[in-house]
Amino acid sequence: MERCPDQLNIQALADGEAQDQQLWNHVQRCPHCSDQYRRLSNLVKIADGLKSDAKLPASFYRSLETKINPAPFPAALVAAVVFALALLSLVLLGPNYFEWWLSVGITNQVGLILDAFLDLLAYSRLVGPAWIIMGLAALVAMELFILNLIRNAEGLKNV
Amino acid sequence: MVETNADKIYRLALRYTQDKNQAEDLTQETFLRAYQNLASYDRSKPAGPWLCTIAANLCRNWLRDNRELPFDFTEENILPTNSGPEELYLQQESETELLQALEKLPLIYREVLLLRHVGELSYDEIAEALNLEMSIVKNRLYRGRLMLKSSLIGIREG
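So the protein sequences, as listed, match chains A and B. Counted from 1, the first sequence has number 110 at position 110 by my numbering; the numbering is strictly sequential. Going from the second sequence to my numbering is simple: count from 1 and add 1000.
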């Protein structure tokens, strides 16, 4: 006599997970297994009641988009930080520094630095705020270094 | 990936937490985690099971932190399986009662039921998502369904 499959195999049939034709043939022929199959299918139908047609609100997608692609770092804030650093450098380098700086005018080197600054602002959408601040701080430091070199070369006194 | 799977993940989280706001937050967290771990995603496979795995882990952690664990079912609490036409009757139960019944199940059974019936995962995918042997998945699914029915009858009878 053919041996009946265990309940878990019949459950796999009811779940559409088993592709065993022999098993299916047996279940169809055997009254006991056929009854088990019907019972397990009914259990599956009860649990199918857990399905839901709930939908996410439209605001979810906007909110997720914002979190995945955060808004670019505000350029105004970057400019304010640079201005603050430049102001600080004025104070640190002495009372005559500002007049000297104006007298020097915008040299080639300073022009390059300003170009780099504008480029950085343009590309700021692609990088994080911390990198922007670090980049700007490096640029300001370079600017101070170059201006200091020029100042020394011109032999400016009392600065 | 988001448009195709977001509602399904939300439904899964909703069934786990039974709270719309939490479910929405967990869905969002699921996609953020997925985005951060895109490198670990095998693109030859469908994204749904991978996302369900992330969601299930997040929901499990949320339950651990926010809910008391439901009572344990004992062997005696599980009704005999040859109840006949009552299953057909139980299928008519309201969603509220079904959710109440689900809430009473231990988490290990609840999650296989949810991954199967809400996440629509296969046995294989559930085993992978929960890091279980296939035989354990089948067993938990079987026992979970019996417990769900038993719990439903308990609620029905007050």
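Calculated from the structure, these hints are not laboratory results. There's no promise every hint is true.
To be verified - As a list, the in silico DSS-like pairs of lysine-lysine whose alpha-carbon atoms are at most 25 Å apart: (1) B:K1020 - A:K55; (2) B:K1104 - A:K67; (3) B:K1020 - A:K67; (4) B:K1008 - B:K1020; (5) B:K1104 - A:K51; (6) B:K1008 - A:K51; (7) A:K45 - B:K1008; (8) B:K1008 - A:K55; (9) A:K51 - B:K1020; (10) B:K1045 - A:K45; (11) B:K1104 - A:K45; (12) A:K51 - A:K67; (13) B:K1020 - B:K1104.
None of the values given here were measured: they were computed from a predicted structure.
If you draw a straight line from the CA of K51 of chain A to the CA of K67 of chain A, is it 25 Å or shorter? violated (29 Å)
Given the hinted pair K51 of chain A and K1020 of chain B, is their Cα-Cα distance within 25 Å? holds (15 Å)
For a C-alpha distance cap of 25 Å, please report whether K1104 of chain B and K67 of chain A respect it. violated (35 Å)
Pairwise hint evaluation, K1020 of chain B against K1008 of chain B, where the allowed Cα distance is 25 Å at most: Status holds; Cα separation ~13 Å.
Given the hinted pair K1104 of chain B and K51 of chain A, is their alpha-carbon gap at most 25 Å? holds (18 Å)
Taken at face value, is the distance from the CA of K45 of chain A to the CA of K1104 of chain B at most 25 Å? The hint holds at about 19 Å.
Within a Cα-Cα threshold of 25 Å, do K1008 of chain B and K55 of chain A meet the stated pairing? holds (8 Å)
With the threshold set at 25 Å, check whether the alpha-carbon distance from K1020 of chain B to K55 of chain A stays at or below it. Given that 25 Å is the threshold and the Cα spacing comes to 10 Å, the pair holds.
Hey, K1020 of chain B versus K67 of chain A, does the alpha-carbon distance stay inside 25 Å? Given that 25 Å is the threshold and the Cα spacing comes to 20 Å, the pair holds.
Can you confirm whether the C-alpha distance between K1020 of chain B and K1104 of chain B stays at or below 25 Å? Cα-Cα ~19 Å, so holds.
Do the alpha carbons of K1045 of chain B and K45 of chain A lie within 25 Å of each other, as the hint requires? The hint is violated at about 28 Å.
Going straight from one Cα to the other, do K1008 of chain B and K51 of chain A come out at no more than 25 Å? holds (10 Å)
Of the numbered hints given earlier, the model fails hints 2, 10, 12; all others are met.
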